[in-house]
Amino acid sequence: MISVLAWLVLGLPLLGCVILSLWPGEPDRRVTRVLGVGMPAVSFVLTAIIFATFLGRDADDRLEITTLWNWVQSDGLSIDLSLQIDTLSVMMMLVITGVGSLIVLYSTEYMEHDRDYRRFFAEMGFFLFAMLLLVEAANFFFLIVGWGLVGLASYLLIGFYYDRPPAVAAAKKAFVVNVVGDVGMVLAAFLLVRELGTLDYGEVFQTAPEGLGMDTGVATAVALLLFVGAAAKSAQIPLHTWLPDAMEGPTPVSALIHAATMVTAGVYMIVRCNVLYQLAPVAGDVVAVVGAATLLMAATIALVQVDIKRVLAWSTVSQIGYMIMGAGLGVYDGAMFHFLTHAFFKALLFLAVGIAIHALAGEQSLDRMGGLRRHLRLTHVAVLVGCLAIAGIPPFSGFFSKDEILATALDAGSLGVACAIVGLIGAGLTAFYMFRLFFRAFWGSEPEGGYPHAPHNPGWAMSLPVVILSIGAATAGFLQVPGGWQLITDWLEPTILADPGLEPTSAAQWFVSIVSVSLAVVAIALAWWVFAADPQRRLRLAAAATGPRAVLADQYRFDEVYEEVLIQPGRDLGDALTNGVERYAVQGTVEGVVRGFLDMGRGLRAAQTGLVRSYVFAMIAGLVAVGVIFSLAMR
Amino acid sequence: MSSVLAMGTAAVGDPQEGVPLALYLGVSGGLFLLGLLGVLTRRNPLLLFLAVELLLNSANLSLVGFSRYWNVTDGHVFALVVMVVAAAEVVIGLGLVVAVFRQRLALDVDQMSSMKG
Amino acid sequence: MGERIVFTIAAASALASGTLVVTLKEPFRATVALIGTLLSLAVLFVLLAAPFVAAIQVIVYAGAIVVLFLFVIAYLGERPLVEIGDRLGRYQVFAWLAVIVLGIQGFIVLGTTKLDGFRDDPKVVSDIGSPEAIGRSFIDSYIVPFEATSLVLLVAAIGAVMLAKRAVKSEGGR
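Chains as they are written, first to last, in this note's numbering: chain A, 171 to 805; chain B, 292 to 408; chain C, 360 to 533.
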């Protein structure tokens, strides 16, 4: 039964997408809403049933592999169209369908004024299908297929407003950067086929210790190449440049794809491949370092961003850095726990901020916001909850998940300690910039001249998801309480086949908790002092630090460097090839052939004089020639 | 008409005093060359056709000459057919000349070169 | 003996009038020269034991075809193009070249061919040229060409009628 449910969960969003796409003409909005929200919602219910069924089973029994048919059967490689439903994939599926359904519901009102209503929900359905395929796949082949399809969905949704050049450019950028990641994944798959002869998860993870060996070049290569894919999809350095630009898409898209689900695919993959990463400690260290570096860098950039969605985007990059760092160190349960809480509070923040943007008729700049708490009360509370969660203030969820990672990291050698310190610094920065956003948008005074339209409160379709996510952001932390129970770790245990066995000591946990909370409180107070207490103070301080601010505002110039080093040479190469090879070799050859034929024709035409006598003469000349030849031959 | 041949009681196949075939063919060839010269040189279509008649006639002479050489009637038959064809050709050709004349175009074969190119 | 004399005269006459046909500038005079050629050839046909063909030559060729020519010349009126001079001098050279080369070739062939009795006195022939012989030949062996020629004549007649129609613009000109 679980098999059937698994396929339905995967297929229903796709079905919704197909029906919406093929509907002749513009379907009635109610139809679009029913299909667009109904399918993901049903998928969620079915996923919940799978979850409940699993709960009723023993821990070792929580695994179902279901195959439709054999996809590729060639000499030495067999790939099936199969799904693997285990605790890890169920966890992902719950978030994808659950948060996904809430966000799609929210979109029914948010996208109300858009004339491409149907296209939006079709593309969202397609995205959900692709993401579910990614997490339900039972082998690397379909993981990569899902990976690519998710990238396509992202492209379509980022470029939803396709008549806006910045949106189109952002979509292209996202896709191109992700292709780099795809190449890494595919190369890793090649290595796996060559070394192990299979792409099936079960077989790979079983034969890897033998087939790849411990700490060998091949093992490290596979792990690193897979991480290239993860880095691209999860926007880690240096493949992170696409995520901030992806904010060009509609806010629900940012919430679902670029906060809660797609960007976490990298984390999922690393956790899924824990066996491979345990075989390649060097790769694991690289992953952790990249995660830590990204975490810190993104937090610093978020300090000076003016576009409210960009703040959240860089915050996402930073938080995923936490997850990646944790996964690299081997804190798999911590990384997945943080994924769960982050899905709640980041989606909550995006949707709540979306309400504000919607209420202000599209305004996204913090410079033109202020005092919204007087107009949007519910939203104000929701954003507050989200900010407290992300800042790691107990008892909100972010506190538990973030500290889980950092405390366990302390048990992971000297690199772990260094990462934990970085993480703590990042926590402080996170609290600061999130409350900067909160105070500037919701407190203080309204921007000069007031608001052009009075900000209006949203309807139930937008409010209900926000409320539900707020509850999740507030309470999800209690799934794993240090010194109490660890539901997440227990749940994931069957899938973490190569557990490094890191255990946070209670001393470590107390240390991390106290330091992180203290830093957060200090940061929040500082933010209040700068942004809320005296409205002019921030301007004075900003004027004093223009140098560093400029660097941060430019996002450390990554885009400019890429433009200089990669893109412009690419363009130059294209130009050179066009002018050199294309014009002369290709076109020249083709034209040369044509010209040759034309010349030949023109030459032959000279015989067509139109004069009778020349034709007669030609005949006679032929006759003479024949006669001469004959007479010579006869001799 | 065989009176010309009935000079003495010669049997069929016996050589008799007369003109060898070679000479007849020489005349035929000469007429052919003259006709050729005319075709290649003349610009008036009428004069051109006259030269063509010469060519046809030279062919007829050859046919009849050889017919006599082989002692068969086939050559005569062929010559008669050639004459019919010549007649038909002259009809059409002169019709063309008249048509051209009616169009007020120059009766100059060199100027009738719209098939050029 | 007499045959040879007649042959010489007829041959010379044919070649001479042929030259005139090709040389004279005015169509009428050239046509008259053609008559001369045709009649000389008729004599040669008689010498070649082809009396019927000779008769037809005179009746059809000299009697009908040439008359056709004369009709057209008369219709065309006073001065159809008189040859001013050959602007395409090249072709003059080509023409003479071709003629000379062919002539030499022909001469060589006539002189060296090994055909039996080619250059000797002719042999006596049976009755091959009489109307009866030709008629038999047509009916016995060449009935199809016989019918075909009538078809050719029909086509020519239709063509002539078509050409005579004034409305035809696509023939031979703009």
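Everything labelled a hint here was simulated from the structure, so no lab data went into it.
Incorrect hints may appear among the rest.
Stated by the list, open to error - Chain A side only, calculated, beta carbon under 10 angstroms to chain C, not exhaustive:
1) Ile314
2) Val338
3) Gln778
4) Arg783
5) Ser784
6) Phe787
7) Ala791
8) Val794
9) Gly797
Said to hold, decoys possible - Straight line, CA to CA, 25 angstroms or less: simulated DMTMM-like cross-link-like pairs of lysine to aspartate or glutamate:
10) C:Lys482 - B:Glu380
11) C:Lys524 - B:Glu380
12) A:Lys342 - A:Asp581
Stated by the list, open to error - Across the chosen pairs, the derived CB separations fall in these ranges:
13) A:Leu774 - C:Ile463: 41 to 47 angstroms
14) A:Gly766 - C:Gly518: 58 to 64 angstroms
15) C:Asp479 - A:Met770: 53 to 59 angstroms
16) C:Ile463 - A:Phe767: 54 to 60 angstroms
All C-beta atoms in this analysis are idealised placements derived from N, C-alpha and C, irrespective of residue type, glycine included.
Going through the hints against the structure:
About 70 angstroms separates the beta-carbon of Ile314 (chain A) from the nearest beta-carbon of chain C, more than 10 angstroms, and the hint is not met. With a least beta-carbon distance of about 59 angstroms to chain C, the hint placing Val338 (chain A) at the interface is violated under the 10 angstroms criterion. The interface hint given for Gln778 (chain A) is broken, as the beta carbon of that residue sits about 16 angstroms from the closest beta carbon of chain C, more than 10 angstroms. Evaluation of the Arg783 (chain A) hint against chain C yields a held restraint, the C-beta minimum of about 5 angstroms falling below 10 angstroms.
Evaluation of the Ser784 (chain A) hint against chain C yields a held restraint, the C-beta minimum of about 7 angstroms falling below 10 angstroms. Hint status for Phe787 (chain A): holds, given a least beta-carbon distance of 5 angstroms to chain C, under 10 angstroms. With its C-beta approaching chain C no nearer than about 7 angstroms, Ala791 (chain A) sits inside the 10 angstroms limit, and its interface hint holds. With a cut of 10 angstroms, the hint placing Val794 (chain A) at the interface with chain C holds, because the nearest CB-to-CB distance is about 5 angstroms.
The criterion of a C-beta within 10 angstroms of any C-beta in chain C is met by Gly797 (chain A), whose closest approach is roughly 5 angstroms, and the hint holds. Proximity of Lys482 (chain C) to Glu380 (chain B) is assessed by CA-CA distance (about 36 angstroms); at most 25 angstroms being required, the pair is judged violated. With a CA separation close to 18 angstroms, the supplied pair Lys524 (chain C) and Glu380 (chain B) stays within the 25 angstroms bound. About 42 angstroms separates the Cα atoms of Lys342 (chain A) and Asp581 (chain A), which puts this hinted pair outside 25 angstroms; it is violated.
Checked against the given bound of 41 to 47 angstroms, the beta carbons of Leu774 (chain A) and Ile463 (chain C), roughly 31 angstroms apart, lie outside it. Take Gly766 (chain A) and Gly518 (chain C): their Cβ atoms lie about 43 angstroms apart, and the range 58 to 64 angstroms is violated. About 55 angstroms separates the C-beta atoms of Asp479 (chain C) and Met770 (chain A), a value consistent with the hinted range of 53 to 59 angstroms. The supplied range of 54 to 60 angstroms is broken by Ile463 (chain C) and Phe767 (chain A), whose beta-carbon atoms lie about 41 angstroms from each other.
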